[in-house]
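Q: Chain residues, written in single-letter form:
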Amino acid sequence: MTMKGIAAAAFGLGLALAPLATSTARAEEITIGFTAALSGDFAAFGLNMRKGLDLALAELNKKGGATYTIDAVDDRGEAREGVLIAQRFCSDQKVDVVMGYSFSSIALAAVPVFNDCKLPVLASAVTSPALSGVSPYFRRNVLTDAVQGAMMGTYAAKTLGESKIYVLNQQDDYGIGVAKAFTEAAEKAGAKIVGSESYLLGSKDFRTLLTKVRAAQPDAIFIGGFYTEAAKIAEQARGLGIKAQLLSTDGALNVELMKLGRGAVEGMIVYGMFDPSVATPATASFLSAYKAAFSEAPSAWAALGYDAGMTLGAAVELAAKDGPVTRESLNTAFGKLKDVPGVTGPTTFLPSGDRNGALYFLAVKDGTFTLAPKQP
Amino acid sequence: MSAAPPNPAAPTPAILAAEGLTVRFGGLEAIGGLDFAVARGAIHGLIGPNGAGKTTVLNALTGFVRPAAGRLSFDGAEIGGLGVAAIARRGLARTFQNIRLFGAMTVLESVLVGGHRGFGASPLALVLHTAGARAAERAAIARAGELLDFVGLGREVAGRVATTLSYGHQRRVEIARALMSEPKLLLLDEPLAGMNAVEKAEIADLVRAVRARGVSVLLIEHDMQIVRALCDRLTVLEYGKRLADGDPEAVLADPAVQAAYLGRAR
Amino acid sequence: MDYFGQLLANGLVLGAVYALAAVAFTLVYGVVRLVNFAFGELFMVGAFLTTSLMLPEVRLVGHVVPMPGFSFPVAALVAVLLTAALGVAVDRIAYRPLRRAPRLAPLITSIAVSVVLQSLAQTVWGAEELRFPEFELATYPPVVLFDSIYLSVMDLVVMASALCAMTGLTLFVARSSLGRAMRASAEDQTAALLVGVPVDRVVAAAFAIGSGFAALAGVLYAQTYGFAHSSMGFLPGLKALTAAVLGGIGSIPGAALGGVVLGLVEALGAGYLPNGTAWKDAISFVLLVLLLYVRPQGLLGRPELNAAGRGSLLGGAAEMGGWLRGVFAGLDRLLAGSSARGGAVALGAVALAAAAGLLVPSDYWLRILTTVLIYGMLASGLNVIVGFAGLLDLGFVAFWAVGSYLTSILFVLVLKDGFGVALQETWWLFYLNLPLGGLLAAALAVLLGTPTLRLRGDYLAIMTLGFGEIVRIVAINWVGLTNGPMGIRGIPAPVLFGVPLGTPRAQFFLALTLAAAVVFIVARLVRSYVGRAWVAIREDEEAAEAMGVPTARYKLYAYAMSGFVGGFVGVFYAHYQQYISPLNFSLFENIILLMLIVLGGLGTFIGPFVGAVIWIVFLQVAIDIPFVQAYPETRFALLGVILIALMLFRPQGLAASARVPLVMAGAGPGKAGRAEGAVAGRAGT
Amino acid sequence: MSGPAGIGHIVHPTAPTSHPALPVEPLLEVRGLSVSYGRIRAVEGVDLAVEPGRIVSLVGSNGAGKSTTLMAISGILPLAAGTVRFAGEDITRLAPEARVGRGIAHVPERRRVFAGMSVRENLVLGGYSRGDRAEIERDIDTLTALFPILGKRLGQAAGTLSGGEQQMLAIARGLMSRPSLLIMDEPTMGLAPQVIDLILDTVLEIRARGTTVLLVEQNAVEAMRLSDHVYVMRLGRIVHQDSGSNIDPDRVKAFYMGAEA
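Residue numbers (the numbering used here), protein chains in the order written: chain V, 1 to 376; chain A, 377 to 642; chain U, 643 to 1327; chain E, 1328 to 1588.
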């Protein structure tokens, strides 16, 4: 990524969003402690979030008022880092807010520390229900996997009318959470779960798993996991002659899905909070600005990162009205925000720290995500 | 101590006896039906040309190789099937042909390892440094000091890393380590190899002194001058079999033995 | 039947890839007795190079770079050749200078090389998976056998290329002059030199061919699963190593057989066991452990290789980097001096740490220091088995996990969730759990240690690695017991008689107390007949045995002690972090701990802490380097480079000269800690 | 070093023993050779010369430093001091494999054949330093004529041979490089008397075919009988030397049997 590119993009975006800006903010200096897996096996999610956030901050800085800087710390997806990084941000009085987090398990280890030092956190990609209401200082702008999985379950059984579903999930908090919610909702809505099986995150070979699936002859296969595995499952399923409808989660809502899975993911239905095909002006300018800055299409993580940045901007503005922005005032401001507009829809936080929001159901068509033909 | 060695002909009960000892490596018979006995209180020489199987006999006696057949008795008990440590704990100590001291240890520590079987404090006692544990350690250190004096090194080398000593001194450490276990029989595998004449004479004196402590000795050695001077009795091996057995002078004068060493003229 | 047939076919494809990569391990191990962990990364490099060469353009370090767009065979060939050259270069730079170094040094270096290559690959190719390009063969419809067994054309190509490569290699090794020289060098290097074989060049050839095979396996794997990624080599590398050991490391037909067996067992196990896919990796490690137990040399291996690891992990000449000796001489004098006054130095160190704990103003630095203490303690535990008893253990994290899970399950899942107990009422249980976790882990250690008694050296390492992975996979999959990957949260911070010890400063002092206790207990045992027995086993197992040391029993003691420390620290760790998940106990953590003690100095009390300081502090300080902020993955690349440099110039570890006296402090009639002095009388030299 | 006659192509006009005083340029010349194992000096200041076409023996009891000397000459062990010259060239710093290329072959103590490889492969490996494949086949034929038993076992794994057969193989393997100097370390150790006779006859045969031999032999009687010149080692030094016919067997015996005062 080049700084020049971001600046140029932000300029364009700033123009597009200019009407939204109010110009009463004091010259606050806001430092964001950003942490996610930025290297190692799972760096892609964190780096995407970072890109979205960078774009939002460049735009906020352009707008004037408060200035935003990032202190980025790589957690490499290692749980041991959770506490240390949290303390690093807590101890650094310059840090006003913490953003990022790729893994619920690392956030869970960090939350007690943040809770002690009263530092607000706005996470973008961690969906574990265990994080609901975990601390008054912890918020996230994604829905929990319990909520999302249940919506998908109902959608699959009711709207799509699938009657025999095989459930696959990656063996982690995310995968287990969505699969459980999906299974319960789908069964309640009348579908039969003909089998379920889990795989370890990072698995590449699903042939055996799919051989098992094939033997159960399902109408649909739900993949509770990320795009890297979903793409491989799709491709290997086609290779084994499986023709069932593929369903997946927001973990698969990523432009990389089509790059990796190509023809095999055609027709797969996923859900998520960001839909590149919904042509609102904000989405359109985000898409073009992102493309200009990073010469690639944004993923759902980038969109959530971007929205988190914009939400922070709104909270800072709100807090600045009552004096200098502090951790505490920022935290209060987060709680008061209502329907902050964004590319993933409006943001409002529930008292539990979770976000109130809606899902899009999207299908892969001709190599892009489009609104699924059937909507609930 | 006694200037006169015990008369080998006298019916002293043997401390160690091998009957029909046979060792095979793969299909190869390294030792074939060997009989010999070491009298209590004797310095017994085991000699033979290179490759005759001397070290193999020693390895069989100490449990390093399992004999294919034969009986081994030590101090009145059968030791044939026992493991190395179990045999050692019965009082059969050895040194190695190529000195095998523990690389990173000091002289004192190495010698103390030899006294391993004398320790028995529980882990808890060790952590708490109970009086009993401390007394055992102190006694062992004192005895190690005595042994270092005994082998002629003196206590001042106790803190040196053993492998940094000269070759001759390392050999003495090895002997002290073996003696630390209070053995009844000491097996010495070429203890004089690589030493000059003065050192050899000193080690020979040491071996006599060991015997004077009441420890029997089985000695593998190539230097016949020393063997002649030191041993009460010799067993000569060739091709894994007993070639001769008896009084050193007689054995060494045996043309068959000489031929085994120097080769036969064709 | 068609289910079985499909599983069989799946297993064969996977097995073919494993077999090819296993050849790499086996070939190099045969000649230089080195388990080169970096083959996993050469596998990855081969995949990336092929993918890149086939594309019209690739984004490298963020810039779009035009590429030749070769056809698959050409790209694969070029990639294999380039990777082979890279393998030779790695050997030349990182391993050859260490041929005579202590045995662990090249092993650690190979891990460091892995870290560097992986981080560099991520810097160059990015964090996203790179799609393997479509080419004509891959677009053909699948071949369907018996109506139900689907195999893609490329699957057949994979199996055929594996078969051809293995046959080619077998012929090459059997017939060619270089192949013969390779076998001769593997059997007897001295004899090979005497007949005029240039052994260095043969080793280079082994690295070239091995790396080429790893690359070929990577290419086929990338093709089969449709991607290339910087971390793609780790698990297949581990599996290939497992396959090589299964087959009997050093044997080429063994590698082929091991690979196929592993592929089939994984496919069939995953296919027939409930939720088998999640247990797949555990299945292969269970197989490995069972096989090594009944047949330590592997299926087709030679038993003497199991004995080749005999002797000291620390031994061998340490005459490296002559000019650097001066640099370290001062340090060595200092450390050697300090080891003679063990007790005083230990008190000084604790006082210094306590002063730091009082004076460091930042909670962040307190947490860093606490982490240093935790890793230092864990490494001290591992040091008992590796550093003192000389047994290479890659499964130590299992003991750590046992302690952590014991206390977490008791506090959270049983007391809080099960009985609704208010946790502040049962604060005392934490102090009870410390020894309890230790004892449970020690019991597990003895259980796991018993079957390893027949193994030595690298075989032992692989078997313990298998144990560690099995325990971790059980922790992930046995959701009912451990809460699985969700982990256990809400573990209370320690409390002492109503005083909460949750602040970073309190936690630091608690950790310091525990660390002092751990070092004290370890030191008291090491400085006794027990420690002497351990070191004797490490230095010369046979000689120790001949001195009447029952070596098997003392190895188990070492396992137990090591396990105790792991479990003990694990209990504290859970309450410190207040959340644990299986992510905490990965193989990589074990490798880190091993690195810490090798870096610091095996078999010293201070070494684990020296290593922990370097590791933890470097990683934290490096975050602030602007370059690292822009390219996060370079932090680990940098660390890898530092590790390699340290190993090349100081293979025995930084604090190696802080030699531990093995005699009970205060046992002499004189002053405490002067046992040697007591014996030495007054004659000082 | 190559020629159609294989190992027999270098023809020396006369038996060197008949001209002991003739000043011949030595094929191998070792000066002041010292070798240490760590802090232990195993060999100290050894001088020796081997003139072409001769059999020179190094005798002495166990641990005298004979094998160490040989290993230093062929480059396996590093020298603490001294020089090694071969055929007029200083080879002190040459790699072992390069020394084989210059014409030194070393038949090591305890044979060290490649046990897992066939007899033929062992022989082919012996010719590793040569490029001429056809000639290698011819030399194998020549050598199997010299050692008929090997000819019968070409396909068999070397590890399955008897001790004597392994020794013959080790010698044949050494000869495969067409050396001008063959170093043999204890070729008769542990062998049965009939086999010893066979091996020692072979040594003579090798010399007769023109290859110079440096022999370490425990069997001192035979060594003295065979050799043109004998060096006696003790405690890492050369303590005595003379031509094979002049050397005093009793002194040598004394060194061995310890009867010397």
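To be clear, the hints were calculated from the coordinates, so they are not data collected in a lab.
Small disclaimer: the values here were computed from a predicted structure and weren't measured.
One or more hints might be untrue.
[Said to hold, decoys possible] Pairwise CB distance ranges (calculated): (1) V:Gly-190 - U:Val-706: 24 to 30 angstroms; (2) U:Ser-818 - E:Arg-1465: 18 to 24 angstroms; (3) E:Gly-1458 - U:Asp-842: 18 to 24 angstroms; (4) E:Gly-1443 - A:Ala-515: 37 to 43 angstroms.
[Stated by the list, open to error] To spell it out: a stretch of chain U is covered by chain V in this simulated footprint if at least three of its residues, at any positions, have a beta carbon under 8 angstroms from a beta carbon of chain V; those stretches are: (5) 647-657; (6) 913-924; (7) 995-1006; (8) 1076-1083; (9) 1191-1203; (10) 1218-1226; (11) 1283-1291.
Backbone N, C-alpha and C define an ideal beta-carbon position, used for all residues, glycine too.
Q: Hints first: check each against the structure and report whether it holds.
A: Comparing the hints with the structure gives:
no.	hint	in the structure
1	V:Gly-190 - U:Val-706: 24 to 30 angstroms	violated, 50 angstroms
2	U:Ser-818 - E:Arg-1465: 18 to 24 angstroms	holds, 20 angstroms
3	E:Gly-1458 - U:Asp-842: 18 to 24 angstroms	holds, 19 angstroms
4	E:Gly-1443 - A:Ala-515: 37 to 43 angstroms	violated, 53 angstroms
5	647-657	holds (count 6)
6	913-924	holds (count 7)
7	995-1006	holds (count 3)
8	1076-1083	violated (count 0)
9	1191-1203	violated (count 0)
10	1218-1226	holds (count 8)
11	1283-1291	violated (count 0)
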